[in-house]
Structure formats: C-alpha cells, structure tokens
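Enquirer: Could you put the whole structure together from the sequences, leaning on the hints where they help?
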Amino acid sequence: MNRIFLAVLAALLAGSAQAQSWPTKPIRLLVPFAPGGSSSIVARAVAVEMEKGLGQPIIIDNRPGGGGNIAMQEVARAEPDGYTLIIGHIGTLAVNPFMFEKLPFDTNADFAPVSLLAKVPNIFVVHADVPAKDLREFVALAKSQPGKLYYGSAGNGSAGHLAIEYLKLVAGIDIVHVPYKGTGPNLLDLVAGRTQATAAGTPPLMPHVKAGKLRVIAVGSPQRLSVLPDVGTVAEQGYPGFETTQWYGLNAPGKTPASIIKRLADEAAKAARHPSVQERFAVDDAEGIGSTPEVYAEFIAKEQARWGEVVRKAGIKAN
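In the numbering used here, the protein residues as written are 26 to 344.
Keep in mind that a hint or two might mislead.
Stated by the list, open to error - BS3-like, lysine-lysine: derived pairs with alpha carbons at most 25 angstroms apart: (1) K173 with K206; (2) K280 with K50; (3) K295 with K77; (4) K50 with K193; (5) K127 with K235; (6) K342 with K327; (7) K127 with K342; (8) K235 with K158; (9) K193 with K206.
Calculated from the structure, these hints are not laboratory results.
Please read these numbers as outputs of a predicted model, since none were measured by experiment.
Expert: Structure below.
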C-alpha cells in the first residue's frame, strides 16, 4: 500500500516538476490556412499574450492546403512535448472528418483539446434586388421558386457552404450551391447579381452592405450583433437552437502530457480574455472565449455531431 502511495506521489511530483520547467525554448503554432484570415488574427492576438505568461516566444507558422489537413497531419506526427501546437477550427475538427472519405490521422485521438479561443458569427446576405427583407421572406421566396435561387460560397466544404446547407435543412428550402475558389470570386458574382445569396463573416461582407449592394437578412449567432442591432438571428426568425459560427481553438498532439496541457490551457484562457485581445477580436465581431480542455472537448463533440449530420444529409463530399 505504501509503495502504491509513493508511486502515485512520485508521478504527481514529476508532472508538477515538468510543468514548472516547461517551456525552455520557442513554441511553434501552426495555422492551417493562408495568412490574413481570421485564424491568423486569432493566433497572433492570443500568442502575444501567451508569450508573457510562458516566457518563451510563440512562432506563427501558416501551413495552408488540403482544407487544413496538411497542417493537421504535421502536428499529428509531431513530438507531443508542447512545442508544436495548432489552431483548431470548425472545418478541420468538425467538418473534415465527415467530408473526407479517409484522413491520414485520427481527428479525436491524435489531437488534444487545449482551449476554445474565439467564435466568429456568420451572417446571411442577399443581393439588394432580391425581394426579401428578412429570413422569413427569403424562405418564403425560396419555397415559391424551388431550385431557382443560387447561393455562392468560398468553396465546397467552406464555412459559408455548411452554414447555408444547415439553413436549407432546417427551413426545408431548395436553393442551388455555386462553389467558388475563395471569398473574393464569390462576392464578385454576388454583388453583380449573378447569384442571390451567401453566408460569411462580417469583414468581407459589411463594405458591400454599407454600399447598398447587399442586404443582411439574418445572423447565425445566438444573439444579435452590435454592428447589426436591427437584424434578427436565425433562431428568433423561426428556427430555435440554430447557430452557425466559425470557431477557433488551441490543440496539441494527442499524447502531450496533462501537466503541459493544463499550463497551456491556463495561459490560453487568460490570453483570450485579456482586454487587448477582446478589443482586437471585436473589430471582426469575434467573441473571445478561453476555456478549459474539458469544456473545449465537449464543444468539439457537439459540433461534430451537428456538422456530421449536415454533411451526411446534404451529401457534401470533398471534391
């Protein structure tokens, strides 16, 4: 009995010593998308504050490609010592596992949740000539013209694609998806009136809304946005429980020691809630979260259940 007690005590002391001595060198944080997007903004804002608590620099490494899977594979194979981390995302953690027939890693086993960092709401917009002032009118219009309205997205499996497919399922409407290679080409055709609707974050859409080219008919967040106080949420316009947001978290290789995960989680949560980070996020209507690993793990599981069902019912494939 004494030997068992001593063994447990030794393990706890070893874990504590490891957490106190770590980190002793720079940490690499992979971003699975190109520079300039929301994922990079979240990574850089949080990293600046985390560096202060960890006492080591955090080097941001953008590794786009394969819908985020290239960076994910690299981190899945990295040494689980806390020196290689990745920005988790709705696409890589909750959509890709169901959209791709086979991935070179196990999304749940090969990545340890650290902390949910931020949420960025999607907004739903239509071209100014579409005779719908809000979501209810748009749904009625779509039901009166099944298969006649077109919506664009930044690509197959993108956040905007999934958001509108989710809306199609709950509202029972038939509108046609037109995938583009990025947000820019998508908005070019929408503003020109060649498509009728899209969903995305506020930064790329609001300039066109302010110019009178596009109209916001709903927001995907649970609450209304401060920049759009008069626009109702999807939930309050007839679809309770509806939520579609892009989200970003911090993940480590799956076998990273629990003591290091806790240290990272504590610093990440403090960073996400720091006033300077919250202020930076607010520019893009993002909400800084900062959570425990357990809360983040539960959140990922719920998102996988939600988006796995959407991918399956909508028949979305990674082609």
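Enquirer: Hints first: check each against the structure and report whether it holds.
Expert: Structure-based check of all given hints:
With a C-alpha separation of about 22 angstroms, the suggested pair K173 and K206 falls inside the 25 angstroms cut-off, and the hint holds. Distance hint between K280 and K50 is fulfilled; the C-alpha atoms sit about 19 angstroms from each other, no more than 25 angstroms. For the hint pairing K295 with K77, the CA-to-CA distance comes to about 11 angstroms; that is within 25 angstroms, so the pair holds. For the hint linking K50 to K193, the alpha-carbon distance of about 49 angstroms lies beyond 25 angstroms, and the restraint is violated.
Among the hinted pairs, K127 with K235 is inconsistent with the structure: their alpha-carbon atoms are about 43 angstroms apart, more than 25 angstroms. Between the alpha carbons of K342 and K327 the distance comes to roughly 21 angstroms, so the proposed pair stays at or under 25 angstroms and holds. Pair hint K127 plus K342 holds up; C-alpha atoms about 11 angstroms apart against a cutoff of 25 angstroms. Straight-line distance between C-alpha atoms of K235 and K158 comes to about 15 angstroms, which keeps the hinted pair within the 25 angstroms bound.
With a C-alpha separation of about 22 angstroms, the suggested pair K193 and K206 falls inside the 25 angstroms cut-off, and the hint holds.
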